[in-house]
Amino acid sequence: LTVGSGTSGSPTMFARLTSGSFFGVIALPAAILSAVFVLIPALGSVVLSFFDWNGVGQPAFVGGANFVDLANRDSFRNALGNTVLFAVLLTAGTVVIGALLAAAIDRRVRAWRLFKFVFFLPVILPMTVTGIFWAGALDVHFGVINEILRRIDPSLPQPWLAQPGTALVACVLVAVWQFAGFPMIILLAGMQSISADIHEQATLDGVTALQRLTAITLPLIKPVLATVVLLQLIWAFNVFDIVWVMTRGGPGDSTSVLGTTIYRQAFGLGDFGGASAIATVSSLMIMAVSLAYLRYFRPAGIGRLP
Amino acid sequence: MSRPVRLLGALFCSLIIAAGCAPAAQVTPSTGPSATTAAPPATAGASAAPSASGEITVLTMPGQLTDEINAAIPKFQAIHPDVKVTLNTMEVDAYNNTILQVLGSADTPDVSYVGLNAVLYPRMLEGGLLLDVSDVWDQMGLEDVLPPSTVDLYTSADGKRYSVNTGVVWTPVVWYNKAAFAKAGVTAPDDKAVASMDEWYRMTDALRVAGYEPLALGGATAYPLGHLFDHLLPTSVSHATFNEFLTNWQAGSTSTAKYTDPEVVRALQTIADWNGRKVFAEGTAGIDDAQARALYVAGKAAMLQDGSWGIASIKTDGAPFDTGWFLYPAVDPANPTKLGLYAGDGYGISAKSDNPVAAKAFLSYLISAEHQSKTTPSVGLIPARTDLDPSTLAGVDPLNQEQLGLISKEGGVTLWDSTVPAEFGTPLNGWLQSILTGAETPESVAAKLQEVLETLQKG
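Going down the list, the protein sequences come from chains V and S. When you line the first sequence up against the working numbering, it's residues 277 to 582, in that order. When you line the second sequence up against the working numbering, it's residues 6 to 464, in that order.
Treat each hint with caution, since some may be false.
[Said to hold, decoys possible] Reference listing, derived: stretches of chain V covered by chain S, where coverage requires no fewer than 3 residues with Cβ under 8 Å from a Cβ of chain S:
hint: 1; region: 298-304
hint: 2; region: 436-446
hint: 3; region: 521-531
Because the hints were derived from the structure by calculation, they are not lab data. Built from N, CA and C at the ideal position, the CB exists for glycine as well.
Isolated chain V, as found in the complex (with noise of 0.2 Å):
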């Protein structure tokens, strides 16, 4: 407002600063980049995945076979089953978490700027730096925390990465550990912007704080919230790394997930046409999601500019 009614011609200059015309010359490096580096790979394995290919020599046109072979598959579907499940842990532990943490943040805790610090910090770390870390932190002989549940009592350390039943939880719950921060600065954000006015009459109404967070600050956030699940969700879906290097998707193909059944296919087996086939029907199903996620949550402002 304040550039648009300047009193030197400047309504005329930003006019023409936010024509189409300029934006699209400022937009055209990123679209040329993503149209190479991501649109035509992308539509590339899409083409793949309707032929037999081993990764040397012609592909062979097979048709919808690899589709219909994945639908016959354990294996996928067990890994979708994974997948989902990782994604709605993960997407419910870190915005949860993520809320939480933003919210006690927002209030000025005490050693609140150590607390934003120290819960950010993960996020930064490779994933694969993390799932080591993780990994050894777990093991059932050497690892700390079987460590300090052995001195606690000695029937309590598990192989936790050994177990069905554990295994998966502990990538979820080491992914939770990973990206709860981004949620938090993310709602955080969303939070200061919030007047001081506000909580300061709810203060005087004498509101808790449970009140507070649920009643005022959640509602007032919606839109920076389903933005932050929207992320967190496409994020855990295409969940590979932090599994593979903790588990590989085992024991057995008890944490296996899209990303390492896509792996194994495309460089265990050398079928690239099957696992193009994985990733196209997993890119649908996130796109799927993700249309249906906006189209619920538009109203609350996401997808559209300010």
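Following the hints, put chain S in place on chain V, whose structure we already have.
Quick look at chain S alone, frame taken from chain V:
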């Protein structure tokens, strides 16, 4: 050493042997010393190499393979001063995932490690990624100095050779902590297989009572459980049936051997039994190869399943106790335990090499008697050539020498999972893990193997 890809087994036989790493047959003992006494000139490889100059790049894997090439480069350059050799290394996973693309790229290495396993090598040949090096074989007289089984293994369907074998390995070996055995009052069957499954259980029970995890095995890594199956299968089924399994996956096979046969189920059941008897360290399905070795070196596990390369790592890691070795008991005493041999560690030349002359010279040097007798053993590897003087094995670890002695006496056996297609080997580890966790039964895993077999047989 790059265990996964170099996976195992083949034939060495310095004064030793021959027969059998070919997919169709088990290895048989040496038939006599005459096959091993030929003595070509020690510098045959160097002198036979063509004149070469320029630069070449060599790609290999970390560990002993890298040590070997690093040691070879200055010696090669002393013979070929006009050739500059650059060494690149690539971790196993990276190699497995990218080598096809690397060999097909414009920036390909001239000489590359080539593992003759069932996953990548056929695709390298199908894609025309490797140069025909039959002339190197001819110039170096390799048909006369490598075991016949190795010659067969390296001869492609078109009659040409696209790589050269440089060393042999074997698995599975049970490395054991002598102090732990003494403490537990267990007598190890030094240098041979445990007499029976009952004896094996007595040993492992005693070790557990003494406070040790009996056996460390990296069940989360792609190959150790598969190597256990490599041992169990040929000691559970008959010789003839095992040989059928090595080839009956081919389309149109009329073999009647099935993975659902009781003998195969019995082999798988043995894994379940060992798990039930707490033979394996706790959490085996979730610990990787490095963690298993750490368990052993730290003295928590009394035994470690590994290959011939294992002793080098045990010593490098500084195990504070003496290590011995023996072999697993046979599932069926009628099919005695033999070491699984692998001659698949080799080097080839990229079809896109800018300097094939120098690359062939380097390849010739790697298989020369000079290199094989001096450098290869000096880094702990077992030479591929069978014509070397026994004294050249002085650099090989004494325990590996003992194993060589056993192989020369009793022969070895082909590794099943290095021979059959990836459709078996890739998912097998997960299935075996599931037996350990109870998510699968021996019968259900046998059914999955049979399903793969029937799919492949249909073409």
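Consistency of the hints with the structure:
1. 298-304: Contact hint for the region 298-304 of chain V vs chain S: violated, 0 residues under 8 Å.
2. 436-446: holds (count 6)
3. 521-531: holds (count 8)
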